[in-house]
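Take my numbering: the last position of the sequence shown gets the number 151, and nothing is skipped along the way.
Don't read these hints as lab results, they were simulated from the structure.
Just so you know, even glycine gets a beta-carbon here, dropped at the ideal spot from N, CA and C.
A hint or two may mislead.
Said to hold, decoys possible - Label pairs and their calculated CB-CB ranges:
1. 127 x 57: 42 to 48 Å
2. 109 x 134: 19 to 25 Å
3. 99 x 138: 27 to 33 Å
4. 31 x 95: 22 to 28 Å
5. 35 x 106: 27 to 33 Å
6. 25 x 78: 19 to 25 Å
7. 78 x 131: 28 to 34 Å
8. 78 x 122: 35 to 41 Å
9. 106 x 43: 28 to 34 Å
10. 139 x 104: 36 to 42 Å
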Amino acid sequence: MFKKLYQKFTVHLLIISIILMATKYLLTHLKLDIVTPYFAYIILLFVIVAATFQYVLLRSVISNPRKFILFFLGGTISKLFLYFGFLVYFLLVVSVSPKIFIFNFAIIYIIYTMFEIVSTLYQLKKIGDINQKDKQIE
14 MFKKLYQKFT VHLLIISIIL MATKYLLTHL KLDIVTPYFA YIILLFVIVA
64 ATFQYVLLRS VISNPRKFIL FFLGGTISKL FLYFGFLVYF LLVVSVSPKI
114 FIFNFAIIYI IYTMFEIVST LYQLKKIGDI NQKDKQIE
């Protein structure tokens with residue numbers, strides 16, 4: 014069950030990432046100056062963090078469903094600190110255009126966060142349905 018849920022999440026995550034990269038190239042091709050040159054790095058960060066977070070979250074829910082809230086909130090806070098550190102690094106060290114970079118980061122953050130919430134709710138429902146079937150069999 015874990016493997017199937019995680020594979021489905023990963024496939025959807027990659028599809029969203031490909032769509033975002035295609036949008037980036039389209040906007041760049043149209044010469045719209047609203048895309049940061051570091052767009053791919055932002056996408057890469059979100060893909061790695063989302064995949065890792067979902068892996069840990071699914072493992073924790075399957076092994077001990079009562080600790081879901083602890084893992085979810087802890088993971089969310091950890092992600093926020095990681096994202097904030099990424100923003101600070103790029104704004105202070107790499108010295109990118111702040112308005113465009115923060116705009117791109119915020120849009121991508123919203124898209125991936127909505128995706129993660131919807132996916133997590135779907136996975137919890139699937140896990141709950143399976144647990145209900147197991148209880149009915151007993």
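Quick rundown of the hints versus the structure:
| no. | hint | result |
| --- | --- | --- |
| 1 | 127 x 57: 42 to 48 Å | violated (19 Å) |
| 2 | 109 x 134: 19 to 25 Å | violated (34 Å) |
| 3 | 99 x 138: 27 to 33 Å | holds (31 Å) |
| 4 | 31 x 95: 22 to 28 Å | holds (23 Å) |
| 5 | 35 x 106: 27 to 33 Å | holds (29 Å) |
| 6 | 25 x 78: 19 to 25 Å | holds (23 Å) |
| 7 | 78 x 131: 28 to 34 Å | violated (19 Å) |
| 8 | 78 x 122: 35 to 41 Å | violated (28 Å) |
| 9 | 106 x 43: 28 to 34 Å | holds (30 Å) |
| 10 | 139 x 104: 36 to 42 Å | holds (40 Å) |
Going down the numbered hints, you'll see the structure goes against 1, 2, 7, 8, while the others check out.
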